[in-house]
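Chemist: Respectively, the protein sequence lines represent chains A and B.
Heads up, the first sequence is in my numbering, so the first residue is 1 and it goes up one at a time.
Heads up, the second sequence is in my numbering, so the first residue is 1 and it goes up one at a time.
It cannot be assumed that every hint is accurate.
What the hints assert, rightly or not - Quick list of the computed label-pair ranges, beta carbon to beta carbon:
(1) Ala171/B - Val493/A: 48 to 58 Å
(2) Gly37/B - Pro323/A: 18 to 28 Å
(3) Arg15/B - Ile508/A: 55 to 65 Å
(4) Ser116/B - Asn422/A: 25 to 35 Å
(5) Ile508/A - Gly136/B: 30 to 40 Å
(6) Ser143/B - Met54/A: 28 to 38 Å
(7) Ile508/A - Asn31/B: 55 to 65 Å
(8) Ala304/B - Pro323/A: 55 to 65 Å
(9) Lys28/B - Leu335/A: 20 to 30 Å
(10) Gln141/B - Ile508/A: 16 to 26 Å
(11) Ala24/A - Leu176/B: 50 to 60 Å
Derived by calculation from the structure, the hints in this document are not laboratory data.
A virtual CB, placed ideally from N, CA and C, is assigned to each residue, including glycine.
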Amino acid sequence: MAETNAGPMLAADGTPLKKSLARALRRQKLRALMLIAPLLIFVLVTFVIPIGDMLLRSVKNDIVADTLPATVEVLGDWDHDAQELPGDDVWTAFYVDMWFAAERKEHTRLGTRLNYELTGVSSLFRKTGRRVDRFDTDIYADQFVALNPEWEAPQTFAAMLDGPAADELPLTADAWARWKEFNVEEGDAVLEEDVPDFVYTALHYELSQGAEVTGASERLRAAAAAVGEFETVSLRDQFADADEDWLDPEVWKTIQLYSPRVTPGYFANAADMQVTPEGLESRPENQQIYGVLFKRTLFMSLVITGSCILLGYPVAWLLANLPMRVANLLMILVLLPFWTSLLVRTSAWKVMLQQQGVVNDVLVWLGLVADDARLTMINNQFGTIVAMTHILLPFMILPMYSVMQTIPPSYLRAAKSLGATNWTAFWRVYFPQSVPGIGAGSILVFILAIGYYITPEIVGGNTGTFISNRIAYHISSSLNWGLAAALGTILLVVVLVLYWAYDRIVGIDNVKLG
Amino acid sequence: MADTQSADAFVEFERVQKSYDGETLVVKDLNLSLPKGEFLTMLGPSGSGKTTCLMMLAGFETATHGEIKLDGRPINNIPPHKRGIGMVFQNYALFPHMTVAENLAFPLEVRRMGKSDREAKVKRALDMVQMGEFGGRRPAQLSGGQQQRIALARALVFEPELVLMDEPLGALDKQLREHMQFEITRIAHDLGITTVYVTHDQTEALTMSDRVAVFNDGRIQQLAPPDQLYESPQNSFVAQFIGENNTLDGVVQEIRGDHCTVKLEDGSIIDAKPVNVSQPGEKTLVSIRPERVEMNRDRLNPDAHTLKAEVLEFIYMGDIFRTRLRVAGREDFVIKTRNAPDQRRLKPGEQIEIGWMPEDCRALDA
């Protein structure tokens, strides 16, 4: 057109053509969106959101900070290098936290969580939880009441800790606030309940540490002056009495290390490393399992993909080149495994390959294998590779077939008429055109294989299991969901990286599914 | 009809038969020979066996019976890649994953030709089809006509003495097709190669070939140069298949030398030339070309028989007029007249009289 340089093209009514077009297309787009909306919502609600949540669990670590809020706050200042146990501030805060945790039965969950990082912590928490409300801290209450009977009344504490004194007695105020909250949860009135021992303990600790109470009530000032004379009970000894592991600085180190709400611990664990105060460290050789499993999963998936290509290519070629009727029959045979349960097929392989199984029996009968030296073909890598190759084969054949179907036979004829032998014609002309099918099949089989679970679980034994089996174990048996999520995330990232590499090398546009 | 078994035959089919299912013959007793340098077209409707013949010659199908010889040697047992026959396929069959130059170099490469020779030949072949600039392109980046040229160049680049073409122009539009017809014949004659060309388009066959073999029902119905084929069809199939044609059913009344009279179904008598009728009383199909029908009584022999006809439709086609008539009870009788200044334009409903020279009207098998 002559006036292409006269600004944007205009529609008949004078609006810019682009805008006009966009308006016209909006309805179509909206309709398309409505059509996919049910599936989109379904996938979001049942798939994307749960998976996102699961992946977040790989770094989430709220349980320590939620269960031991006071302890986490004071433990931050503790010097873990000194090989000394934390001071009374920590013990007192921990006593308050533990009391609530035990009452709410949260201490066992915390113990389980920390047990992932330090073996034995689980029973430590369980034992202590049973003992924590029977500590000998009642002497503080008695002594406060002896000093002034008003200390027995909850109203005293309510008046004191809801007032300005709270700023000077943070731990006591915190304990009192949580106590009130706890009573609300239980449906009790806090002013009708006895003041619990840990509040006296906290008060005693803070007063004896010289809390600034000059502006406070006379009662409190009197108590502050008297605490120096009080008979004391060592919380450290009380805890040690419950379980002497509390005297092990490693326990405190672990609690301190896992205090933050976000932790790299699960990922470190999944990469055969551990978090230490000094940074990440490799685990001892005999505890490294995930690296081996990841490598094995990758290796076996590659072998399975390779065997699928080798076995599937000729079949796909036949399918694409046989007359329709024969090809249809063959196609049914290829699809037959799809119509049989996965479990049935895998179990069938178990029957076929076991030492007293069909294959071994035939080999013995043929005299190829001695009766006392039957081959071990199941519950190892070999069995897993055989069974999974069989199960995933259709996923290789179908994309290869659909690509080969689009290659006209005249290409081969043309190559031969130009002087190429059968092999040259195949290798130079047919094969390059079938590569997209191989690519599509490989990526399908590989990604399916790398996350496969049931077959390796059944026929994998010890040496043929995949990383997915470990993930399933942590989900359903050890209940270490954080670690399972970290392993899953790593697996997902590995697959995405491989997919990216594949795209760079082969080009994802070259993948045809039909 | 040229001899089917000549001594200097370059390609020879001897009593060749072909069956795919063991029940029906697709090719029945084919005898054909063509000398070096000839451009032969196999023409016929689909399913007539012409492509099968081509495939047997190329080596992609084996003859069920009979012998095929190339330059005197039987080639029945020679695999296709050793026959050295160039071939152009219907859909070109250019390898999509190779560039144009790589496609052309392919036959040279498999013949283990050196790189510099290869490049020179590829360049020469590309220049021959006027595609010198396109060596680096992929086939998908070319238009249909360009792909066609490349396919031709690829079939010729290794200098075969025989080139087979399987409906190579089928996918092109009319104008391009006509242009390519000319190109292909020019190149074939310039290089002096023997060409076997398969098509179902009779115009293509007539304009390009030295000789045309008309196939039907697994047999060659007639093998002749284009002009003979058009003007002297040997049987009613050829007459009807090639060009436009009027046919009338009748019975031979009298034969005198190369002249006979035929009585039509409605009782009228016409003159004809007996081609494959031998005695009176025989049923026959007479065939006459639309452009040989004469409306002017003065141009006919004084004793010629004429027929009454009624104009049904007059179509103006530019260079010619096409008029549909009702003749002897049939309504599909067509005549063509040149758009000359003195030519009258007939009106529907007009009654006219038509006739023809006896030699233009051929009495064929019924």
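Chemist: Against this structure, judge whether each hint is valid.
Modeler: The hints, checked one at a time:
Range check, Ala171/B to Val493/A: about 49 Å between beta-carbon atoms, so the 48 to 58 Å window is met. Between Gly37/B and Pro323/A, the C-beta spacing of about 40 Å breaks the proposed range 18 to 28 Å. Separation of Arg15/B from Ile508/A is about 57 Å and conforms to the stated range, judged on CB atoms against 55 to 65 Å. With their beta carbons about 29 Å apart, Ser116/B and Asn422/A fall inside the hinted range of 25 to 35 Å.
Distance hint check for Ile508/A and Gly136/B: the Cβ-Cβ separation is about 25 Å, which falls outside the suggested range of 30 to 40 Å. Range check, Ser143/B to Met54/A: Cβ separation about 54 Å, and the 28 to 38 Å hint is violated. Distance hint for Ile508/A and Asn31/B: a CB-CB separation of about 57 Å, consistent with the stated range 55 to 65 Å. The given range of 55 to 65 Å is respected by Ala304/B and Pro323/A, whose C-beta atoms sit roughly 59 Å from each other.
In this structure the supplied range 20 to 30 Å is violated for Lys28/B paired with Leu335/A, their Cβ-Cβ distance being about 42 Å. Judged by the Cβ atoms, the range 16 to 26 Å given for Gln141/B and Ile508/A holds: they are separated by roughly 22 Å. A C-beta distance of roughly 37 Å is found between Ala24/A and Leu176/B, which places it outside the suggested range of 50 to 60 Å.
Checked against the numbered hints listed earlier, the structure breaks hints 2, 5, 6, 9 and 11; every other hint is satisfied.
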